[in-house]
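Visitor: Spelled out, the chains give:
2 protein chains.
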Amino acid sequence: MLQLYDKLITLPLFIGIGHEELSQIITHIKIGFHKIEAGKFICTENDKCEQLLIVINGSFSVTSYSNDHRYSVEEEVHTPLILQPSHFFGLTSYYTKTFKTITKCNLISLDKKEVLKLLEQSLIFRLNYLNLISIKAQQASKLPWGRKPENIEKAFVQFVRNHCISQSGHKVVRIKMIDLAYEIHESRLNISKMLNNLETQGKLSITRGIITIPSLEKLR
Amino acid sequence: MLQLYDKLITLPLFIGIGHEELSQIITHIKIGFHKIEAGKFICTENDKCEQLLIVINGSFSVTSYSNDHRYSVEEEVHTPLILQPSHFFGLTSYYTKTFKTITKCNLISLDKKEVLKLLEQSLIFRLNYLNLISIKAQQASKLPWGRKPENIEKAFVQFVRNHCISQSGHKVVRIKMIDLAYEIHESRLNISKMLNNLETQGKLSITRGIITIPSLEKLR
Numbered sequence: 001m002l003q004l005y006d007k008l009i010t011l012p013l014f015i016g017i018g019h020e021e022l023s024q025i026i027t028h029i030k031i032g033f034h035k036i037e038a039g040k041f042i043c044t045e046n047d048k049c050e051q052l053l054i055v056i057n058g059s060f061s062v063t064s065y066s067n068d069h070r071y072s073v074e075e076e077v078h079t080p081l082i083l084q085p086s087h088f089f090g091l092t093s094y095y096t097k098t099f100k101t102i103t104k105c106n107l108i109s110l111d112k113k114e115v116l117k118l119l120e121q122s123l124i125f126r127l128n129y130l131n132l133i134s135i136k137a138q139q140a141s142k143l144p145w146g147r148k149p150e151n152i153e154k155a156f157v158q159f160v161r162n163h164c165i166s167q168s169g170h171k172v173v174r175i176k177m178i179d180l181a182y183e184i185h186e187s188r189l190n191i192s193k194m195l196n197n198l199e200t201q202g203k204l205s206i207t208r209g210i211i212t213i214p215s216l217e218k219l220r
Numbered sequence: 001m002l003q004l005y006d007k008l009i010t011l012p013l014f015i016g017i018g019h020e021e022l023s024q025i026i027t028h029i030k031i032g033f034h035k036i037e038a039g040k041f042i043c044t045e046n047d048k049c050e051q052l053l054i055v056i057n058g059s060f061s062v063t064s065y066s067n068d069h070r071y072s073v074e075e076e077v078h079t080p081l082i083l084q085p086s087h088f089f090g091l092t093s094y095y096t097k098t099f100k101t102i103t104k105c106n107l108i109s110l111d112k113k114e115v116l117k118l119l120e121q122s123l124i125f126r127l128n129y130l131n132l133i134s135i136k137a138q139q140a141s142k143l144p145w146g147r148k149p150e151n152i153e154k155a156f157v158q159f160v161r162n163h164c165i166s167q168s169g170h171k172v173v174r175i176k177m178i179d180l181a182y183e184i185h186e187s188r189l190n191i192s193k194m195l196n197n198l199e200t201q202g203k204l205s206i207t208r209g210i211i212t213i214p215s216l217e218k219l220r
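Chains A and B, in that order, give the protein sequences. Residue numbers for the first sequence follow full-length UniProt numbering, so the first one is 1 and each next one is one higher. Residue numbers for the second sequence follow full-length UniProt numbering, so the first one is 1 and each next one is one higher.
Just so you know, these hints were derived from the structure itself, not from any lab. Among the hints, erroneous ones may be present.
[Claimed, not checked] The calculated label-pair distances, taken between Cβ atoms and stated as ranges, are:
hint, chain 1, residue 1, chain 2, residue 2, range
1, B, K154, A, T27, 53 to 59 angstroms
2, A, R220, B, T27, 31 to 37 angstroms
3, A, Q201, B, I15, 51 to 57 angstroms
4, B, G32, A, Q121, 26 to 32 angstroms
5, B, K154, A, R208, 26 to 32 angstroms
6, A, N190, B, G32, 53 to 59 angstroms
7, A, N190, B, K142, 25 to 31 angstroms
8, A, I165, B, K48, 25 to 31 angstroms
9, B, K218, A, K30, 39 to 45 angstroms
10, B, L123, A, R147, 54 to 60 angstroms
[What the hints assert, rightly or not] Covered stretches of chain B, going by a simulated chain A footprint (3 or more residues, C-beta under 8 angstroms):
hint, stretch
11, 26-37
12, 52-66
13, 84-91
14, 115-124
15, 172-178
16, 204-217
C-beta atoms are modelled at their ideal positions from N, C-alpha and C, and glycine is treated no differently.
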């Protein structure tokens, strides 16, 4: 119980909730506990989002797909992490990404009923939830208004950044050269030159259709 | 009071609230009423978002600016409309757009304290609010994943659509040809040809740095 308490207070949804209130929450709210072995799917794109899922430890990946599934971006993410809290409400709430464990992971789950109870009973949880999804909405709606990148390398970096949920760490972009050229609106030859140049600098590696970036923060 | 009731139930934040509960809300929640003359600012970009503002009738425009203020998009919007509800929470909550009356407008305002009261006391208001900003977050985060447009005309239409809060109606895009060319990643000459072609078709009109689109829904 103490361990769970320590994990919960690190989550943006529970941050600021006092010791006493949190103890009450742990006692009165039904929390599901799950262990998932390495290499298993936690949930996949288009799964219905009926429970709030929080990966509290272990290592896992998030894969996002383009609408036409021509390309994808895979990220290793840090725990604890709430899986797409802005997709838990809204008219058709389903996951738009695929989550897969890398190591063994521990998850907690909250049924919608329990989340609604928390939203009703805890002012801080309610504010945390509203802040969390408001920030997501604000960040996402900023995207179209930024200055377009001034060269092909910056255009590539922006392309990757705009498709990641975290702006640092290990990323794998699965995309055909011809599709990347189309997305960035450059010739395939220029794309190839730019990627080879970045590979020479040790900032990424390329194999057939797969671009591996060890640390996105080093690509600027 | 009856008139206010009729207006409130048409707002996404109050939809589904029963007659009795809504009467209680009107009685127990402090609602500010404001009349604003034609041609006045309601609030401007970077104003602190301390009240929830709802324009209940009249006609007004929303102007959004690029981060570097090189271009802007002005839209006429329909009332009733809540001004940026996803900017009422979050860490630094301020408006990112400028709202200006075209005709005389009637507004209602709710102080943060009153919104928090409503969120606490009304399950339906709480769900409506969460749904509203979740939908905003979901829609905005979809943007990077769509297929890029296949020609310059479609690229221009996508550019305008991605910068509008409503996908139909009258829009005024204030942008220099050279900046539009930069944003769409095309030559200035091609941009000019494309716009002239659309002007000939009667879908827009161009004067120095101003593109006026009478009905965005007719541009596809």
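Visitor: Residue count check for the stretch 204-217 of chain B against chain A: does it reach three with CB-CB under 8 angstroms?
Guide: With 0 residues in contact (Cβ-Cβ under 8 angstroms with chain A), the coverage given for the stretch 204-217 of chain B is violated.
Visitor: Given the hint of 53 to 59 angstroms, check if B/K154 and A/T27 actually sit that far apart at their C-beta atoms.
Guide: holds (57 angstroms)
Visitor: Within 51 to 57 angstroms or not, the Cβ separation of A/Q201 and B/I15?
Guide: Cβ of A/Q201 to Cβ of B/I15: about 55 angstroms, so the range 51 to 57 angstroms holds.
Visitor: Can the suggested window of 31 to 37 angstroms be confirmed for the beta-carbon pair A/R220 and B/T27?
Guide: violated (57 angstroms)
Visitor: Under 8 angstroms between beta-carbons, do enough residues of the stretch 84-91 of chain B, three at least, approach chain A for the coverage claim to hold?
Guide: Held - the stretch 84-91 of chain B has 6 residues with a Cβ nearer than 8 angstroms to chain A, which meets the minimum of three.
Visitor: Counting residues of the stretch 26-37 of chain B whose CB is closer than 8 angstroms to a CB in chain A, do you get three or more?
Guide: violated (count 0)
Visitor: State, for the Cβ atoms of B/G32 and A/Q121, whether the hinted interval 26 to 32 angstroms holds or is violated.
Guide: Hint holds: Cβ distance 29 angstroms, inside 26 to 32 angstroms.
Visitor: When you take the CB atoms of B/K154 and A/R208, is the distance between them in 26 to 32 angstroms?
Guide: Since the Cβ atoms of B/K154 and A/R208 sit about 30 angstroms apart, the hinted range of 26 to 32 angstroms holds.
Visitor: Does the Cβ-Cβ separation between A/N190 and B/K142 fall within 25 to 31 angstroms?
Guide: Given about 28 angstroms between the Cβ atoms, the range holds.
Visitor: Looking only at beta-carbon atoms, does the pair B/K218, A/K30 fall within the given range of 39 to 45 angstroms?
Guide: Taking Cβ atoms as reference, B/K218 and A/K30 lie about 53 angstroms apart, which means the hint is violated.
Visitor: So the hint says 53 to 59 angstroms: do the beta-carbon atoms of A/N190 and B/G32 match that?
Guide: holds (57 angstroms)
Visitor: Examine the stretch 172-178 of chain B: at least three residues should have C-beta closer than 8 angstroms to a C-beta of chain A.
Guide: violated (count 0)
In this structure, the hints that do not hold are numbers 2, 9, 10, 11, 15, 16, in rising order.
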